[in-house]
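Asks: For the protein sequence lines, the chains are P and U, in the order given. Residue numbers for the first sequence follow the numbering used here, so the first one is 1 and each next one is one higher. Residue numbers for the second sequence follow the numbering used here, so the first one is 1 and each next one is one higher.
Everything labelled a hint here was simulated from the structure, so no lab data went into it. Incorrect hints may appear among the rest.
A pair counts as met if it fits within one copy or between any two copies, since identical chains are not told apart.
As the list claims (entries may be wrong) - Straight-line Cα separation of at most 27 Å, BS3-like style, residue types lysine-lysine; simulated pairs:
hint, residue 1, residue 2
1, K242, K137
2, K266, K230
3, K148, K137
4, K221, K64
5, K211, K230
6, K211, K148
7, K253, K221
8, K137, K64
9, K87, K221
10, K230, K242
11, K253, K242
12, K230, K148
13, K221, K242
There are 2 protein chains.
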Amino acid sequence: MGVNWPDSTGHHWWTTLENNFVLEASEDEYSGVVVDADRLPADGAAFARSLAASLSYWQSVGKKGVWLKLPVDRSEFVPIAVKEGFKYHHAEEAYLMLTYWIPDEPSLLPANASHQVGVGGFVINDQMEVVLVVQEKYRGWALDGVWKLPTGFIQESEEIYTGAIREVQEETGVDTEFVDVVAFRHAHNVAFQKSDLFFICMLRPLSSAIKIDETEIQAAKWMPLEEFVKQPFIQEDHMFQKIMDICIQRLRKCYCGLTAHNVVSKFDGRQSTLYYNVGEPEDVNCDAA
Amino acid sequence: MGVNWPDSTGHHWWTTLENNFVLEASEDEYSGVVVDADRLPADGAAFARSLAASLSYWQSVGKKGVWLKLPVDRSEFVPIAVKEGFKYHHAEEAYLMLTYWIPDEPSLLPANASHQVGVGGFVINDQMEVVLVVQEKYRGWALDGVWKLPTGFIQESEEIYTGAIREVQEETGVDTEFVDVVAFRHAHNVAFQKSDLFFICMLRPLSSAIKIDETEIQAAKWMPLEEFVKQPFIQEDHMFQKIMDICIQRLRKCYCGLTAHNVVSKFDGRQSTLYYNVGEPEDVNCDAA
Numbered sequence: 001m002g003v004n005w006p007d008s009t010g011h012h013w014w015t016t017l018e019n020n021f022v023l024e025a026s027e028d029e030y031s032g033v034v035v036d037a038d039r040l041p042a043d044g045a046a047f048a049r050s051l052a053a054s055l056s057y058w059q060s061v062g063k064k065g066v067w068l069k070l071p072v073d074r075s076e077f078v079p080i081a082v083k084e085g086f087k088y089h090h091a092e093e094a095y096l097m098l099t100y101w102i103p104d105e106p107s108l109l110p111a112n113a114s115h116q117v118g119v120g121g122f123v124i125n126d127q128m129e130v131v132l133v134v135q136e137k138y139r140g141w142a143l144d145g146v147w148k149l150p151t152g153f154i155q156e157s158e159e160i161y162t163g164a165i166r167e168v169q170e171e172t173g174v175d176t177e178f179v180d181v182v183a184f185r186h187a188h189n190v191a192f193q194k195s196d197l198f199f200i201c202m203l204r205p206l207s208s209a210i211k212i213d214e215t216e217i218q219a220a221k222w223m224p225l226e227e228f229v230k231q232p233f234i235q236e237d238h239m240f241q242k243i244m245d246i247c248i249q250r251l252r253k254c255y256c257g258l259t260a261h262n263v264v265s266k267f268d269g270r271q272s273t274l275y276y277n278v279g280e281p282e283d284v285n286c287d288a289a
Numbered sequence: 001m002g003v004n005w006p007d008s009t010g011h012h013w014w015t016t017l018e019n020n021f022v023l024e025a026s027e028d029e030y031s032g033v034v035v036d037a038d039r040l041p042a043d044g045a046a047f048a049r050s051l052a053a054s055l056s057y058w059q060s061v062g063k064k065g066v067w068l069k070l071p072v073d074r075s076e077f078v079p080i081a082v083k084e085g086f087k088y089h090h091a092e093e094a095y096l097m098l099t100y101w102i103p104d105e106p107s108l109l110p111a112n113a114s115h116q117v118g119v120g121g122f123v124i125n126d127q128m129e130v131v132l133v134v135q136e137k138y139r140g141w142a143l144d145g146v147w148k149l150p151t152g153f154i155q156e157s158e159e160i161y162t163g164a165i166r167e168v169q170e171e172t173g174v175d176t177e178f179v180d181v182v183a184f185r186h187a188h189n190v191a192f193q194k195s196d197l198f199f200i201c202m203l204r205p206l207s208s209a210i211k212i213d214e215t216e217i218q219a220a221k222w223m224p225l226e227e228f229v230k231q232p233f234i235q236e237d238h239m240f241q242k243i244m245d246i247c248i249q250r251l252r253k254c255y256c257g258l259t260a261h262n263v264v265s266k267f268d269g270r271q272s273t274l275y276y277n278v279g280e281p282e283d284v285n286c287d288a289a
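Same shape as in the complex, but just chain P:
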């Protein structure tokens, strides 16, 4: 919804602003202004004039945060907005988002995305004998010769459970179904100072034939669980050891993972997934985890 910002007398505001047109924009529910990226002026000089005039106008009418999305084909406007005091907020391939906080108080604008989300698939057959493992093509020295679980990042708007199934399928060709999330890891300063959430998912195999993705994977195979766990890579590492302990407790039904449940909330009308435990460990003779 484009807003023309008429003044309170009913006249259009621009008669009072020396013909510097205020940028087309809509309002948000927090006294903010969202500039219309599809209706920016044609050239840099006009954009510079409009931007300065717009800020004065928005300040005069008590606006707080300004959102300015510049499509990549308007990259020549970026230095103009920076010169006017705009700050970078985030960028996607198609655009750069800049913001301007008008009040003389700390900005209440929400932050940029802070996390990437990875998944690992613990795929094991019902007899608890063999686990699906891969060797990666592009691996650091720490992973040389190591057979590891298939892992990857979830894609835009993808579920954790579908991401785990997809990554296993892409890397190894094996079809699986999701059982539960057995644990997750939270680490910081991973890529571009962002944080990383990594979910270990137990998956049930639905097929066994292996066909690797040759761009990313060197080799994949079914490996006896015992042999997998005995690798120095796991035995000498507190974290991997703990993760395997949990997975094995889970296999023995001595541990509850978090299952995925579709929920819709009236609050935001959004379909989303709630992860929580259901049921109790089935075997009362379990060791303490």
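Fit chain U to the supplied structure of chain P, relying on the hints for placement.
Replies: Then chain U, alone, in the frame of chain P:
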């Protein structure tokens, strides 16, 4: 580590490149190039010449991905890089990161951060009588008159459990300690088409006096649990009802949450937090959750 890219004869490459200096850069472990943001040319014309020459050179030596971080005070270089074929990757307040994938095949460069992470604090006293609730100052119509749990986003490099404690402290003045994560929600297309992970944390109160953060919170109080759950906001919403069911099962010790454990892995040398269940429900007479 700046790399001068000498050619294989030992001469410096630039004698063969018509005096267009290749940008100072280091290599990454994936045949990539990371341009040194602190040693960019002084002006746009020199930058444009160097960038074109650099791409030719990097291509000739088999490089794949190029990372170009432009500090905000070099924003005038943004349109130059875009014109040369660079793509926006991500931005923080201080810089814009652009990338260029040289090979004639799909880019293997990692994606931008995809998620924001929120936390909610379920703070209840040992007698299971009163829960800590707030009314937000800037709330949508859906939250009008509603008493809700304190919530917020975790900060850069913050733990989920410390983030929950901090948000409760900031919004209400109440000190707490972390018990466990009882469940989490995954939703998509929340802010800027990013996804949202929201962790519901059970916290034990260590103080009771309330002092609200007046910039964000309208009111806070201790509310009888029964009264809290009876609000239409919860009763008429499948998701909130389910979350409260889980929290109450947890209070009755009929549900295992995920506790937080510090782990260090040799794999990346990183201190991180692993969340997993410990122990079993203590009361064998629990209803099925």
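Asks: Are there hints from earlier that the structure breaks, and if so, what are their numbers?
Replies: 4 and 9
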